[in-house]
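Enquirer: Whole structure, please, built from the sequences with the hints as guidance.
Protein chains in written order, with our numbering: chain S, 1 to 338; chain L, 1001 to 1338; chain E, 2001 to 2338.
Hints listed in this document are in silico derivations from the structure and should not be mistaken for laboratory results.
There may be inaccurate statements among the hints.
Unchecked claim - Here are the computed lysine to any residue pairs in the SDA-like style, where the Cα-Cα straight-line distance is at most 20 Å:
1. K74(S) to G2073(E)
2. K2116(E) to D2084(E)
3. K1074(L) to G75(S)
4. K1116(L) to K2116(E)
What the hints assert, rightly or not - Stretch by stretch, here's where chain L covers chain E in the computed footprint (C-beta under 8 Å, at least three residues):
5. 2074-2087
6. 2100-2106
7. 2142-2151
8. 2314-2326
Glycine included, every Cβ here is placed at the ideal spot set by N, Cα and C.
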Amino acid sequence: MSGRDFLAMEEWSPEMVDGLLALAARVKRGELLGGLERKVLAMVFMDPSLRTRSSMETAMFLHGGHALCLEPGKGSWALETELDVVMDGTTVEHIIEMARVLARYADALAVRSFPKGTDWAVEREDRTIRNFAKYSDKPVINLESSRRHPCQGLADALTLREHLGETTGKRFVLQWAWHPKALPTAVPASAAIAAAHLGMEVVIARPAGYDLDPDDYTAIETLATSRGGSLTITDEVDGAIDGAHAVYPKSWGALSCFGRPDDERAFREGKRDWRLTAARMRTTAGGKGIAMHCLPVRRNVEIDGEVLDGPQSAVIDQAENRLHVQRALLLEVAGRTS
Amino acid sequence: MSGRDFLAMEEWSPEMVDGLLALAARVKRGELLGGLERKVLAMVFMDPSLRTRSSMETAMFLHGGHALCLEPGKGSWALETELDVVMDGTTVEHIIEMARVLARYADALAVRSFPKGTDWAVEREDRTIRNFAKYSDKPVINLESSRRHPCQGLADALTLREHLGETTGKRFVLQWAWHPKALPTAVPASAAIAAAHLGMEVVIARPAGYDLDPDDYTAIETLATSRGGSLTITDEVDGAIDGAHAVYPKSWGALSCFGRPDDERAFREGKRDWRLTAARMRTTAGGKGIAMHCLPVRRNVEIDGEVLDGPQSAVIDQAENRLHVQRALLLEVAGRTS
Amino acid sequence: MSGRDFLAMEEWSPEMVDGLLALAARVKRGELLGGLERKVLAMVFMDPSLRTRSSMETAMFLHGGHALCLEPGKGSWALETELDVVMDGTTVEHIIEMARVLARYADALAVRSFPKGTDWAVEREDRTIRNFAKYSDKPVINLESSRRHPCQGLADALTLREHLGETTGKRFVLQWAWHPKALPTAVPASAAIAAAHLGMEVVIARPAGYDLDPDDYTAIETLATSRGGSLTITDEVDGAIDGAHAVYPKSWGALSCFGRPDDERAFREGKRDWRLTAARMRTTAGGKGIAMHCLPVRRNVEIDGEVLDGPQSAVIDQAENRLHVQRALLLEVAGRTS
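Expert: This is the structure:
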């Protein structure tokens, strides 16, 4: 594994993460041109993307580089991600060769691979992204794996700093939201880790049965505590939002029903009021707390359109900041002086 | 809406359109390098493309910029285009967020969105492209919407000028053609508007029941008249082509059958002789009128192969001119000095 | 047809191929920057790709150019490849227009088109790539057609030279391998032609009934003989590998069963031991012969994982060399000084 892989925010030292955020602020102000001339990023998308692809491709271009966009199973070959396997089935390309070959063409790899929704005991090991990192001798960037979406986390952190100024001790509420599908936990875990990095009072408001993986709670609490913040878990959504500086509604599926979507749907029933409404936003700190989301967001399901279109929404800033934090990250791991 | 959106040719002043065509001729001669350095165009394709994608991507590259190519529902998320909706169905990303986010990454947006073929009363409002323009604070370029394909129109106009020299009063025949499918009216309407802009004698030859939208006729006639030309509608295909300087065969579906493809197919029966043949081309002005088409064209169905491969064909020039008019358009709406 | 089309290695003079290989070695050492500024390559993929797309796109970028990636039937229109046809079926774009239009946008075209698996008598004429070459007035590069994969052949030749030094008279074994599907013969034929170009003792080890097309044998033998080598065909796999300097296991379908996959599957039965094992690799020259493959490879089916991951494997070098030979080829056919 390269020393410069970016697979999870908590695997980089807080100093390095702060360095990235500072660099992101500088590139956003236009203080740094170039740095990625003749550099190539190979992006591997096993799952769809709008912001991630657009912002990575733009980031490489703005600094003189180029991003390749590969989609295994579509324009590219169906990928085998298990290591010990006799490949006489339907997969055509093995992850070992893919990682090694792309590392010959590119200066960094970036991989998106959502959980397949079969067995959480397996998925929680995050093998696909870890194996890319193991077999690539160039840095690997996580564009959302089964467990983490650290580029989103960086963008969340930059947005929180821009909107709140000093963040230590301010309240960040990760609010579970109802959604027609059982979604992964990578984004909520990464958002809470980002807030923990900022030393915030992290509150996770979710219905009973909707806990994140225990290791995620440990990672969030350990980081938050070390940075002057804390972690609280509650099932009182209104109480959590009352006085919050930032509310981050996000849906995820119950891990106890992982791989059984019908059970999960039944378990989810009756929880459609876990939605970020304008009324709830008025109870935030000074009535001016910000509403956050990684996007894409289900309008009027996770967040009311009135909130998304209103002055407290920070969701477009978050999306824009994906670009700037990734420019910083790419300069750091693949740049000429890196 | 940005002042620089390019959604329909007739929405720009004739002077601005003439300026674009003059600039296109200059870039085609190689007189202008650069101008789009560090500029990004975000292209959103809801429908397939060969020329449009290739020529836009090449246009950005030739002047130092970069084009992103997004395909909602394929590599990118399924897009919701209705404004007031509770998104608990199958669409994942809302057009408002998509437009706002892309406007943060890119210097201009470009959108292709064909009609969905359900209800003309709705489709004729051209909501998808209009909503992109409404919610993007960067210029939006129409790459073919339900109603218009103005980049094709610009290319058609440049090609007519190159082949015919002075165009005022010369005869342009938009000839309906049989086709195995009911196609949209965006291209024929835009071609006729382009010829109207050039002050041509515009003749639309179509079987009874195959009229364009009444507003299209008004737009064509108003523009043609103001520029020294005229509009005539006829069901006599041979009489129309006789003496024509340019013939533009193109198929479109009967609007009275919009959304009912089986009815349309029955209505279309017996009209396979609405085809541009070599015999018909010999009756054009001096036997030297040009044959035009936006491509892709059904060989030996809309136009005979003999015509496509013969000396009167201008179809490849039209396709090439897509590149040059779009270079001019991009320099105008997103260029460094724009 | 352009004088600079690259459709099959044996259609270029040996001196020109040696020139390409020498240029490839120079660009690999970093001795040549630029040369493709403002140049565009239009790539048409009718079939999937990882290395080909990534390496071509990277090659263009590294020298200042840009590659378009089109996929007919997916983002682009369904392509008609038959010349004389009334297009009233499902295909939308004709190959003549596609070739002519792309030749207006781009400085070179590159096409991947696998055999469709219906009739070898037709497929062996390689019409799709030949028609692109016929109708494009810009150079056309073969990215794997029904008959040839000459860019892979160039990469194979460069890799053999790098690993073996002087190649004349050294033994190159093309070893048929079992595979769950009947694959095309383009890669094995092109690999043998590459070894023939290097004057090697070419041995093709395949089970009875798995001969390449007779014209391929003629091409290999003629070239090998003229360059100081030879061609031998055998069904003794172990005897062939014993003492070999390079072993290239590769699967292909029996041409006698072409278009009848069920018959081919039955014919293939009982041949799973046609696999490159570590034991077999130990019998190569000095126990140090190299194992080659074009990738993607079926792990533990065509080649054992132990061989792929071991010190005798050259497969990742081959993949890397795709990049460098293509940089040379693109500079040659589309470069500023070409």
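Enquirer: If a hint holds in the structure, say so; if it doesn't, say that too.
Expert: Evaluated hints:
1. K74(S) to G2073(E): holds, 12 Å
2. K2116(E) to D2084(E): holds, 19 Å
3. K1074(L) to G75(S): Roughly 11 Å separates the two Cα atoms, so the pair holds.
4. K1116(L) to K2116(E): Status violated; Cα separation ~32 Å.
5. 2074-2087: holds (count 9)
6. 2100-2106: That given contact holds, which follows from 6 residues of the stretch 2100-2106 of chain E lying within Cβ reach (below 8 Å) of chain L.
7. 2142-2151: Since three or more residues must qualify, the claim that chain L covers the stretch 2142-2151 of chain E is violated, with 0 doing so at under 8 Å.
8. 2314-2326: Check failed, 0 qualifying residues.
Hint compliance for this structure: hints 4, 7 and 8 are broken, all remaining hints hold.
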